[in-house]
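I would like the entire structure built from these sequences, with the hints used as guidance.
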Amino acid sequence: MNIHKLSNIIYLPKYKENHPVRTVHRGSHAQYNSAVEKKLDIIHEYGKKNGWTKADYQKAIHGVMVDERKGLRAGKTMLNKNSVRGATCG
Numbered sequence: 001m002n003i004h005k006l007s008n009i010i011y012l013p014k015y016k017e018n019h020p021v022r023t024v025h026r027g028s029h030a031q032y033n034s035a036v037e038k039k040l041d042i043i044h045e046y047g048k049k050n051g052w053t054k055a056d057y058q059k060a061i062h063g064v065m066v067d068e069r070k071g072l073r074a075g076k077t078m079l080n081k082n083s084v085r086g087a088t089c090g
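With full-length UniProt numbering, letter number 86 in the sequence shown gets 86, and the count goes up by one each step, no holes.
Take these hints with a grain of salt, some might be off.
SDA-like mimics (lysine to any residue), calculated; alpha carbons at most 20 Å apart, straight line [claimed, not checked]: (1) Lys14 / Tyr57; (2) Lys81 / Tyr15; (3) Lys39 / Tyr15; (4) Lys5 / Val21; (5) Lys54 / Ser7.
The following label-pair restraints were derived from C-beta to C-beta distances [stated by the list, open to error]: (6) Arg73 / Asn33: 16 to 22 Å; (7) Glu37 / Lys70: 16 to 22 Å; (8) Leu6 / His44: 19 to 25 Å; (9) Val84 / Ala55: 34 to 40 Å; (10) Tyr15 / Glu45: 34 to 40 Å; (11) Lys59 / Ile9: 29 to 35 Å; (12) Leu40 / Leu6: 34 to 40 Å; (13) Pro13 / Tyr46: 31 to 37 Å; (14) Asn80 / Asn8: 17 to 23 Å; (15) Arg69 / His44: 16 to 22 Å; (16) Val66 / Asp41: 16 to 22 Å; (17) Pro20 / Lys54: 25 to 31 Å.
None of these hints come from the bench; they were simulated from the model. Note that the Cβ used here is the ideal one computed from N, Cα and C, for glycine as well.
Shown next as structure tokens:
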């Protein structure tokens with residue numbers, strides 16, 4: 001899976017003034033990337049142990065993508081210290 005694939009990317013503002021709600025994307029976010037990688041590793045290991053098909057993996061990965069996008073769109077997912085929008089991030 002290519003994390004830089006166009007279908008994996010959504011618009012995030014660079015400054016909070018550019019969008020009323022979405023998570024601010026300014027600076028690197030290695031901890032966030034690691035957290036998502038860990039989720040994908042867990043899916044991989046679980047699928048391997050349970051004989052998952054390609055479709056099973058795709059469904060699970062899609063679920064992670066949906067959840068992550070939801071958090072980013074709502075301004076609830078924090079990428080780094082620049083992502084903070086006051087009390088709405090967590």
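Now the hints, each set against the structure:
1. The hinted pair formed by Lys14 and Tyr57 fails the criterion: a straight-line CA distance of about 32 Å is larger than 20 Å.
2. Using a Cα cut-off of 20 Å, the hinted pair Lys81 and Tyr15 holds, with the two alpha carbons roughly 12 Å apart.
3. Pair hint Lys39 plus Tyr15 does not hold up; C-alpha atoms about 28 Å apart against a cutoff of 20 Å.
4. For the suggested pair Lys5 and Val21, the alpha carbons sit about 24 Å apart, so the restraint of at most 20 Å is broken.
5. Distance hint between Lys54 and Ser7 is fulfilled; the C-alpha atoms sit about 18 Å from each other, no more than 20 Å.
6. A hinted range of 16 to 22 Å for the beta carbons of Arg73 and Asn33 is consistent with their spacing of about 18 Å.
7. Taking 16 to 22 Å as the suggested C-beta distance range, the pair Glu37 and Lys70 conforms, at roughly 19 Å.
8. Against the hinted window of 19 to 25 Å, the Cβ-Cβ separation of Leu6 and His44 comes to about 23 Å, which satisfies the hint.
9. The hint said 34 to 40 Å for the Cβ distance between Val84 and Ala55, and at roughly 38 Å that hint holds.
10. In this structure the supplied range 34 to 40 Å holds for Tyr15 paired with Glu45, their Cβ-Cβ distance being about 39 Å.
11. Between Lys59 and Ile9 the beta carbons are some 21 Å apart, a value that contradicts the proposed interval 29 to 35 Å.
12. For the pair Leu40 and Leu6, the supplied restraint of 34 to 40 Å is violated, since their beta-carbon distance comes to about 19 Å.
13. Checked against the given bound of 31 to 37 Å, the beta carbons of Pro13 and Tyr46, roughly 35 Å apart, stay inside it.
14. As the Cβ distance of Asn80 to Asn8 is approximately 19 Å, the hint placing it in 17 to 23 Å holds.
15. Our hint of 16 to 22 Å for Arg69 and His44 holds, since their Cβ atoms are close to 21 Å apart.
16. Restraint check, Val66 to Asp41: a C-beta distance of roughly 19 Å satisfies the suggested window 16 to 22 Å.
17. The hinted window of 25 to 31 Å between Pro20 and Lys54 is violated, with their beta carbons roughly 39 Å apart.
Consistency with the previously given hints fails for numbers 1, 3, 4, 11, 12, 17, ordered from lowest to highest.
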